[in-house]
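Asks: If you read the protein sequences in the order shown, they are chains G and X.
With our numbering applied, the first sequence covers 1 to 258.
With our numbering applied, the second sequence covers 259 to 488.
Among these hints, one or two may not hold up.
[Stated by the list, open to error] Pairwise CB distance ranges, derived in the manner of DEER restraints: (1) X/348 / G/129: 55 to 61 angstroms; (2) X/356 / G/133: 42 to 48 angstroms; (3) G/4 / X/359: 24 to 30 angstroms; (4) X/348 / G/79: 43 to 49 angstroms.
What the hints contain is simulated information worked out from the structure, not anything from laboratory work.
The structure presented is a predicted model; accordingly, all values stated were derived computationally and were not measured.
The C-beta atom is built at its ideal place from N, Cα and C for all residues, glycine as well.
Spelled out from the first residue to the last, the chains are:
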Amino acid sequence: MRITLKVWRQSGPHATGRFETYQADQVSPDMSFLEMMDVVNEDLIGKGKEPIAFDHDCREGICGMCSMVINGMPHGPHRATTTCQLHMRSFKDGDRVTVEPFRARAFPVLRDLAVDRSSLDRVMQAGGFIGVATGNAPEANAAPIAKDAVDRAMDAAQCIGCGACVAACPNASAMLFTAAKVSHLGLLPQGQPERYRRVLGMVGQMDIEGFGGCTNFGECQEACPKEIGVWTIARLNGDFLKGSLTARGDKRGGGDAA
Amino acid sequence: MTGAAPVAVVAENWVARFYGSTIGRKIVMAVTGIVLVGFITIHMTGNLLVHRGAEAMNHYAAFLKGNAPLLWGTRIVVLLATILHIHSALTLTRRAATARPDRYVRLAPQVATWSSRLMRAGGVLLAVFLVFHILHFTTGTVLPSQFVEGEVYQNVVRSFSITWVAAFYLISMLALSMHLHHGVWSLFQTLGANHPHLEGGRKRLAWLLSIAIPIGFASVPLAIIAGMVR
Ligand code: FES
Numbered sequence: 001m002r003i004t005l006k007v008w009r010q011s012g013p014h015a016t017g018r019f020e021t022y023q024a025d026q027v028s029p030d031m032s033f034l035e036m037m038d039v040v041n042e043d044l045i046g047k048g049k050e051p052i053a054f055d056h057d058c059r060e061g062i063c064g065m066c067s068m069v070i071n072g073m074p075h076g077p078h079r080a081t082t083t084c085q086l087h088m089r090s091f092k093d094g095d096r097v098t099v100e101p102f103r104a105r106a107f108p109v110l111r112d113l114a115v116d117r118s119s120l121d122r123v124m125q126a127g128g129f130i131g132v133a134t135g136n137a138p139e140a141n142a143a144p145i146a147k148d149a150v151d152r153a154m155d156a157a158q159c160i161g162c163g164a165c166v167a168a169c170p171n172a173s174a175m176l177f178t179a180a181k182v183s184h185l186g187l188l189p190q191g192q193p194e195r196y197r198r199v200l201g202m203v204g205q206m207d208i209e210g211f212g213g214c215t216n217f218g219e220c221q222e223a224c225p226k227e228i229g230v231w232t233i234a235r236l237n238g239d240f241l242k243g244s245l246t247a248r249g250d251k252r253g254g255g256d257a258a
Numbered sequence: 259m260t261g262a263a264p265v266a267v268v269a270e271n272w273v274a275r276f277y278g279s280t281i282g283r284k285i286v287m288a289v290t291g292i293v294l295v296g297f298i299t300i301h302m303t304g305n306l307l308v309h310r311g312a313e314a315m316n317h318y319a320a321f322l323k324g325n326a327p328l329l330w331g332t333r334i335v336v337l338l339a340t341i342l343h344i345h346s347a348l349t350l351t352r353r354a355a356t357a358r359p360d361r362y363v364r365l366a367p368q369v370a371t372w373s374s375r376l377m378r379a380g381g382v383l384l385a386v387f388l389v390f391h392i393l394h395f396t397t398g399t400v401l402p403s404q405f406v407e408g409e410v411y412q413n414v415v416r417s418f419s420i421t422w423v424a425a426f427y428l429i430s431m432l433a434l435s436m437h438l439h440h441g442v443w444s445l446f447q448t449l450g451a452n453h454p455h456l457e458g459g460r461k462r463l464a465w466l467l468s469i470a471i472p473i474g475f476a477s478v479p480l481a482i483i484a485g486m487v488r
């Protein structure tokens with residue numbers, strides 16, 4: 001296959017970026033998108049040019065590092081698939097493919113396609129945890145949990161924190177990420193003690209990081225490689241409302257929407 | 259690790275904290291949205307009296323005028339709801355605009371409906387319409403030659419006989435329809451009402467209101483243009 005790539009190149013966080021066009025001639029349909037990028041980079045290195053910087057780690061769809069927007073879609077055209085699991089057979093011979101970094105104020109570009117997504121880590125630090133007793137692991141079946149709660153918590157826990165929801169959202173909102181984490185912990189008994197503090201803390205941090213607000217476009221759900229649903233967002237909103245009205249003694253959260 | 263510390267801003271007052279957050283503002287938009295949908299439903303039902311003739315319409319108008327607590331109570335509640343709705347919308351829009359300073363050359367929306375994408379533009383049109391509407395039918399400031407205090411029915415018929423007035427009204431009702439189509443569904447999400455029981459119901463309610471309310475309003479100028487009301 002022959003693929004024409006139009007790739008965003010930016011030499012550093014404060015440099016002005018531009019698109020460069022590259023020709024990939026020997027593309028196998030069995031290559032992953034990242035393997036195709038590796039081949040392009042080999043070629044660039046052979047010519048003494050700077051290779052394209054992009055993030056990747058596990059290359060098996062579980063770490064969430066491989067952030068890029070391919071033809072206007074985070075992680076490319078294939079549903080429920082990360083960029084590393086996207087294969088070139090999803091494209092046609094002769095296709096022109098545009099590759100851009102995830103774009104958001106809270107995701108500053110470090111270089112080329114690599115962005116800094118530590119804003120999501122800080123949202124986690126603001127409440128995405130539970131208190132546990134140290135020592136031996138408790139008996140697994142000791143805590144009764146409703147089947148429905150387990151199922152939904154597991155669905156939400158699929159989130160790999162890749163940030164595709166932010167990248168796809170016309171408002172650059174991190175609501176799906178935050179909602180997935182809040183739902184995953186808040187649906188289980190272990191997450192109850194911090195339930196409302198968690199919501200207020202994480203939403204507060206989300207706002208401070210400069211993400212946009214949610215207007216229920218639904219693009220995040222479509223872009224999510226783990227198919228996390230916007231039901232988590234409704235749940236987050238409900239918990240935020242309850243927490244705002246009832247949580248005591250916690251002064252975190254909010255104050256930055258304007 | 260770079261950037262802001264993990265502990266967020268401290269606001270002593272819970273109202274400030276609530277309204278200061280993006281979700282708090284969306285909840286305010288949802289609640290005020292419910293108030294406004296309730297108001298326009300009643301308003302639209304009242305307007306249908308035009309089809310029963312001048313006496314019914316003017317009688318109803320006189321009843322409202324004569325009941326000052328009802329009239330002013332409604333006006334104040336609706337005005338407050340409108341102000342909060344617009345303030346939240348403006349600030350959230352500004353925030354969204356700054357949340358992505360460098361734009362994509364290409365972002366391909368996959369599922370966002372036209373009604374959701376036109377929320378902001380439609381909202382601006384509705385705000386312009388609202389100002390015009392009040393200056394037109396409530397105070398008689400614009401088109402004063404068509405306006406006689408208390409003659410509601412006659413004012414309506416005279417105004418909608420002017421093509422551009424009727425056209426602007428009908429376009430605004432189209433914008434209202436789209437605004438309701440996304441807004442009514444969206445408010446359930448924002449208020450956390452997403453139980454599977456509601457799954458189909460919230461979309462159906464959004465469709466129903468987005469069709470019934472604007473058609474009810476539009477029936478007045480349409481009947482006048484068709485010569486059925488004169
Ligand atoms: S590289 Fe780990 S998810 Fe793609």
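Asks: Determine for every hint whether it applies to the structure shown.
Replies: Status of each hint after checking the structure:
Hint check: residue 348 of chain X to residue 129 of chain G, Cβ distance near 36 angstroms, so the stated range 55 to 61 angstroms is violated. A beta carbon spacing of about 43 angstroms between residue 356 of chain X and residue 133 of chain G agrees with the range 42 to 48 angstroms that was offered as a hint. For residue 4 of chain G and residue 359 of chain X, the hinted distance range of 24 to 30 angstroms is satisfied, since their beta carbons lie about 28 angstroms from each other. A beta carbon spacing of about 35 angstroms between residue 348 of chain X and residue 79 of chain G contradicts the range 43 to 49 angstroms that was offered as a hint.
The structure shown violates the earlier hints numbered 1 and 4.
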